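Note that the protein sequences, when read in sequence, are chains A, B, C and D.
Going by the numbering used here, the first sequence opens with residue 351, and the numbers climb by one from there.
Going by the numbering used here, the second sequence opens with residue 351, and the numbers climb by one from there.
Going by the numbering used here, the third sequence opens with residue 351, and the numbers climb by one from there.
Going by the numbering used here, the fourth sequence opens with residue 351, and the numbers climb by one from there.
Note that these hints are calculated values from the structure, not bench results.
Just to be clear, a hint being listed does not mean it is correct.
Identical copies look the same in the list; a pair holds intra-copy or inter-copy alike.
Stated by the list, open to error - Simulated crosslink set (BS3-like; lysine-lysine; CA at most 30 Å straight-line):
(1) Lys669 with Lys589
(2) Lys373 with Lys703
(3) Lys478 with Lys373
(4) Lys632 with Lys512
(5) Lys478 with Lys359
(6) Lys373 with Lys726
(7) Lys373 with Lys512
Predicted model, so just to flag it, every value in this text is computed and none were measured.
4 protein chains.
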Amino acid sequence: MFDGISLDKLKEECGVIGIYHQKNIDVSKMVYYGLYALQHRGQESAGIATNDGIRTHQHKAMGRVAEIFTDEIFRKLVGNVGIGHVRYSTTGESYVGNAQPLTVFYRRGSIAVAHNGNLINADLIRNKLEDDGVVFQTTIDTEVIVNLIARYSGDGIENAIKRTMGLVKGSYALVVMTENQLIGVRDPLGLRPLCLGKLEDGYVLASESCALDILGAEFVRDIEPGEIVTINQNGVSSKKVNGVSKRASCIFEYVYFARPDSIIDGVSVYEARKNAGKLLGKEHPVDADLVIAVPDTSIPAAIGYAQVSGIPSEEGLIKNRYVGRTFIQPDQSSREMAVRLKLNPLKSVVTGKRIILIDDSIVRGTTSKKIVTNLKEAGATEVHMRVSSPPVAHSCYYGIDTPNRKSLIASSQSVEDICREIGADSLGYLSTDRLVESTGLGNEHFCLACFNGDYPIDVEKSKCSRSFNRLKT
Amino acid sequence: MFDGISLDKLKEECGVIGIYHQKNIDVSKMVYYGLYALQHRGQESAGIATNDGIRTHQHKAMGRVAEIFTDEIFRKLVGNVGIGHVRYSTTGESYVGNAQPLTVFYRRGSIAVAHNGNLINADLIRNKLEDDGVVFQTTIDTEVIVNLIARYSGDGIENAIKRTMGLVKGSYALVVMTENQLIGVRDPLGLRPLCLGKLEDGYVLASESCALDILGAEFVRDIEPGEIVTINQNGVSSKKVNGVSKRASCIFEYVYFARPDSIIDGVSVYEARKNAGKLLGKEHPVDADLVIAVPDTSIPAAIGYAQVSGIPSEEGLIKNRYVGRTFIQPDQSSREMAVRLKLNPLKSVVTGKRIILIDDSIVRGTTSKKIVTNLKEAGATEVHMRVSSPPVAHSCYYGIDTPNRKSLIASSQSVEDICREIGADSLGYLSTDRLVESTGLGNEHFCLACFNGDYPIDVEKSKCSRSFNRLKT
Amino acid sequence: MFDGISLDKLKEECGVIGIYHQKNIDVSKMVYYGLYALQHRGQESAGIATNDGIRTHQHKAMGRVAEIFTDEIFRKLVGNVGIGHVRYSTTGESYVGNAQPLTVFYRRGSIAVAHNGNLINADLIRNKLEDDGVVFQTTIDTEVIVNLIARYSGDGIENAIKRTMGLVKGSYALVVMTENQLIGVRDPLGLRPLCLGKLEDGYVLASESCALDILGAEFVRDIEPGEIVTINQNGVSSKKVNGVSKRASCIFEYVYFARPDSIIDGVSVYEARKNAGKLLGKEHPVDADLVIAVPDTSIPAAIGYAQVSGIPSEEGLIKNRYVGRTFIQPDQSSREMAVRLKLNPLKSVVTGKRIILIDDSIVRGTTSKKIVTNLKEAGATEVHMRVSSPPVAHSCYYGIDTPNRKSLIASSQSVEDICREIGADSLGYLSTDRLVESTGLGNEHFCLACFNGDYPIDVEKSKCSRSFNRLKT
Amino acid sequence: MFDGISLDKLKEECGVIGIYHQKNIDVSKMVYYGLYALQHRGQESAGIATNDGIRTHQHKAMGRVAEIFTDEIFRKLVGNVGIGHVRYSTTGESYVGNAQPLTVFYRRGSIAVAHNGNLINADLIRNKLEDDGVVFQTTIDTEVIVNLIARYSGDGIENAIKRTMGLVKGSYALVVMTENQLIGVRDPLGLRPLCLGKLEDGYVLASESCALDILGAEFVRDIEPGEIVTINQNGVSSKKVNGVSKRASCIFEYVYFARPDSIIDGVSVYEARKNAGKLLGKEHPVDADLVIAVPDTSIPAAIGYAQVSGIPSEEGLIKNRYVGRTFIQPDQSSREMAVRLKLNPLKSVVTGKRIILIDDSIVRGTTSKKIVTNLKEAGATEVHMRVSSPPVAHSCYYGIDTPNRKSLIASSQSVEDICREIGADSLGYLSTDRLVESTGLGNEHFCLACFNGDYPIDVEKSKCSRSFNRLKT
């Protein structure tokens, strides 16, 4: 999750939600509550679009859900169908023009789309569309998708989406809104999650099931890879694109991105994390006094590790919940303070103790180093770091904000080197096989490219450079 | 001009400016100062886009120029070419997505366009483009224009603009920016003004010459109807579209819209207004003690009337300069107070006097009625209203925000009726011929449709309904 | 008046208003409209306090009236008695803690005070009160006044005010609000103005009568120097402090500060200014083609000058109404642009003409120089500057923001020198006697210290240094 | 801790910090980081005041630390001594005029004070001071304190504070700043905490030791009840007021208010909470499957309960960290959703399980009821509530925001009634003796009035009504 003081984590890029109510009820506030539940998936911007059967109404802005919407805005967001989006801030293209949902007018009315994911071949398609005279107003892939859908809409929206899915490559969980229906789409590899819930008189599509809980919606099922789910007054119908063979869901949803109270593709995120902790305890046991989690995401793994090792788990790092995005950085001399302000060691717990420090992942290694240092300064005699996922050694092209490969500490250093670099007394990563095992699903279910470099889509072939075509500010 | 307390005036829709500097100098602040000089043409939103030869940088927001731009924003608005836009608030479609300039990416890079005017056949072209798969993200005509230009750009931007001009009907003064040039375009009828100025090492295009004065630019000439002026490192070049026969510049620029220190199509706005006042004095003389203007736009006409009549001109209505857009309306009981707060009669001047009240135009008649009442309450014994333009009896379709025809007091009432309605002792409008005479130009130069209903383009044929296609909020 | 681009003017420090309604009606919005009419007297901060008979409610903030108050705030500002204040920004002490009204709780309830003026001996009294254990929370004189009133309140508020007036020296027009009355006070010399108006069921006290006009209040009379006017359910009563001998009202109210539609001490500000222009025309005639005012305050003087000289008056400088406080300064190279942006010469009027330029005052001379330069660049062949007040050569200690004496161009330079400095072809100031004559009142009515250094109160004796005692930010 | 969706907790009123640096270094940013660490003690307003030896500089505003301070503000907050304050929002008196620190000018310079606590006899002293002519500008007790200190300052600040402590009754932890020293004061009963830390070249006073950790300050000791600690260029000195006999520190700091990483009066808050959980497990054992904490404050108690009972502890309620103060309330129909949005049950963990739900306290019982309901709806078969403190049955008068006694569920209902009311299967509160035991200190150390009604100061005698004397808005 994002914090003013940036911790060393991979960043999710988006969360989406869509609600269709079969009665004449405004759904904008329900979308809003759902976005709250998905806020961990993106804090850069948020937006809601609704449709009252005639017109689309929308509001989007930079910032968090809590900062953007007011009662006055909700008075305008009328309609029984609505979609919402939260977006994470990636460098350089962070301005309100790129916020979602993206609403366009096309020959048959209007379409609004909210998208979680990243297309590999967006620039190629952009180029082709531009050759055909199309202009673009944003730098987000969603604009490519919505152009294709509008272009192919002659045979109906669903067919247009199907044709679009035949052209775009990459990851995408979409919610699409028209005047009278809500459509959910998941890419053929199932890279990004999307699930369906049922309200008393309506349906919800959301990136994670935790958004369903908030709305009192009953979880129905996950959208399948390559599936198009259409919701309207007649209820729910489904289509599948042809030729979906393999599957490659992002395993990092279980490692870090998703909320622990979500169930993704049938697997409880909490249970997967706890299992990962247990397996980690078996793979990398160590004689120590206490198991301590880096809060909040690593807590389930720490519980698992403690249970399997018999070593007690305690709170050892207190997280400051008030450090916001506008945090003013300390001067040169005291940059370590920032991490301590965010995560303060609990001296009375750690002093004189041999600590097993559980984190879910290490990206650059910078935060880990500071936490280890702070724990030792607080009196820990030993710090054994245990990571409930394998070393992240490869960049992601499917919607996750990974730094340049060179910045990934595991891309060039051995586990021993990393251990030395972060100052730990020992370091153990969960193996890829055990991580997969923690989910109860098979290897064939997942994209594990960030660990092993085995990308499910050939990235290089699909890319083209468009560096000239960028709008700033 | 727009005021928190809305006075009874026609509203201009936009002002545009473009600057090309031949040296490597950031022009964004120059665009900003120019927008200040054009602020009277629109206060709803403002925007600036610049290009540094590689990328477009832009910032636009709701509000006035003074509220929108900061030093931090200017640090990002780099580039030696830039365009700017101010927009007036018309009902219902007032949101930041409709602010200009509109910047798009197309096959050859990026184009940014700022547009003053209104297309008659925008919806027809939209429909055709949508049939071809194009999507739209705003409800402004400018998006139609930019799509056409991009679509036809294969033979170069200038030719694309030429083809576009062959398709669109209506009023448009455009400034168009690409990576390496600035282009100014005026519609074939010359409905909206646009002029060219010269900086030491560059050029300026602006809706009015007052923007040139601010920048210390030398006035070169007005852009001719149907002319495309291209400015780049080689200087200025020009093309004309074929088949421009008649001309129809908006005479209301002289009556009310333009600043008095502007020169439009060779005619000083101030002198035209003063002449109108003189001619009004000859057409509608009356025995009275004082000539009083409704400030600020009617002051030149009052000076003219006073000179020709020999009756002294005084300040008789004091305008409150601090009444902003956020003015909180008084309760039911005291709505008249609002006009008095805006324009307070100067009792010591008007008491016991027979007043000739000069206004440049009457639209609905509501403000006139209140001013006459207030002057009489302040002690004026007689109020003779003189209007330095003819009765406004027809709506405008070329970029001016006229109310529904039924709301135009002169559409259904005679001069006598209007006089009685507003409570004046006598009422005289300048005749259309005299108004034309005040500019020193001929009848054939102008669109006089708002007075006589003689539209230069057949409006009905060019329109189509698109009420379903609207984005709100 | 204050402008983002600072023109060369003396600055008023405050405006006050108080309303007492004898029916159970909330007066806060009436105070608000009144503050709009007084906004020219101060734009730094504004505040309103009301009393519902039990509690004081208040809101004050930095900025202009239009920016500060909302419907939500008005819902809280209940009560049939209210006072308001606008404050001008003087250097260094500009923060919200110094905004007024100042409300305190004392032994008998609460008092709120709004103050226009400046005490000469505030620091002396502060010291004495501090010796007595009193603490202060602001750096405004008003806090001294309110402490004295509370301290002497044993014999009733009116007597307390009387005793306070016996101690404080300097200028003050006060409106004082308690749970059940509104009190107006004017200092014994009558330095700052204050007048009384009558509503249907209530009364208004205001710095200027233009605020009465807005509220539809009937002008009753000016408060006399040394008078205490008390308004409550029983109506209006009055007391005078003893020993008021001489009078010294600020003549600059007529020259520049007040609105032309105000009547102060029986004299129309507009008429005084026009008279000053006439007398200026007699004192300093010159052969020329046009009379041009520096808008807006100099327009009446220009009308007078034109009438007496027979030379026509025209608009020759167009004022940009949109230049706000947040105006971003141009870079080094083009600082002159700022004045031109604010006041653009009307070329078609001035070209080839010999101009008589009328301004109401010259302080530093910086703006005059730029205007003369701009007029000549616009084509004026001669610029004869005429000033409708005498040279400002001495600082003011009674509430006017005069710069350091050294900055006053007339403190060290002769009229010839100034003429050369500003680049005018000739320069004439109205003499002090003629300025007094313009008001129709006698010399004994006015403080003329800024012209002749003859201060009505011995300033040096009353001052003490308190430089250590300042709160910033 | 405060949340947009208000949970059922007692509310702390304030946190204070002061820093004195013996080198010429600006301390404002250090104060800022310290306030971040204390933010849980109050989120209504925050302020910082600094002194550079000559002048006081200050900034305070409504909102959280992260929202209030900017680099621009820090450029003004110069000085090597500074104090800061965070304040909790109590009903009705929440406006910026009541924010702290409170800075006043008095006869010897300036004093700034930040205060955590509540005086019992503030109104009595106010009345006496007002009888003596003193006026007040706020409704906070701090203004009474600062008036007394200034009044008695003839013998030096320390003696003035001593005399002030002889008069005021109630709770107070103060940091006081003058031009050249920083003073810390703790009330004679030690009701509110205050501790001292050492920087390399300076000292820190703070409500909690967690603020010291952030600054890298070494914990020196707690300030003793009745102690005055003075810090200046000569280092630290200390005085004690006479006649301090008993002690009455607030035990709720351990139960809920303080951060777990703080050490207060020698006792680790984390350890005390864990001990309370262990003792709770012994007092109220129950056969169940899982121990679940209401996050975050109850986690240590849950760990303790789990350890002593052998029943595993899991995460069962996921807290949404993004629910801010501006959260828009759902409509009538779905108010329960608010608590679920804040605390979502983790279905996969709780389904089919018998839950021991650990909370640190129950105030009104409203949240407990919703959590129990939500857990059961999520599938828990039994919910046994265990509270790690005794029933809160009496209001606090020493700085804690307790609701009206009638709203305290335990004031009128038995444990059995409460159990039924909240829908739990069983309910057990920790006894007062065990709570005291959890801290390792004796009964004589604590104020336990909220549990047993035994107030350390006679409240009724010290109070007087001042309902008329209130400023709103």
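Each hint tested on the structure:
1. For the identical chains of this complex, lysine 669 and lysine 589 are neighbours neither inside a copy (45 Å) nor across copies (36 Å), given an alpha-carbon limit of 30 Å.
2. In this homomeric assembly, lysine 373 and lysine 703 never come within 30 Å of each other (Cα to Cα): the closest approach is 60 Å inside a single copy and 37 Å across copies.
3. With identical chains, the CA atoms of lysine 478 and lysine 373 are never at most 30 Å apart, being 42 Å at best within one copy and 35 Å at best between copies.
4. Taking identical chains as interchangeable, the C-alpha atoms of lysine 632 and lysine 512 are never at most 30 Å apart, the minima being 46 Å within one chain and 63 Å between chains.
5. In this homomeric assembly, lysine 478 and lysine 359 never come within 30 Å of each other (Cα to Cα): the closest approach is 36 Å inside a single copy and 48 Å across copies.
6. Taking the shortest alpha-carbon separations for lysine 373 and lysine 726, only the inter-copy value of 29 Å comes in at or below 30 Å, while the best intra-copy value is 60 Å.
7. Taking CA atoms no more than 30 Å apart as the test, lysine 373 paired with lysine 512 passes inside one copy only; the shortest distance there is 29 Å, against 51 Å between copies.
Checked against the numbered hints above, the structure breaks hints 1, 2, 3, 4 and 5 and satisfies the rest.
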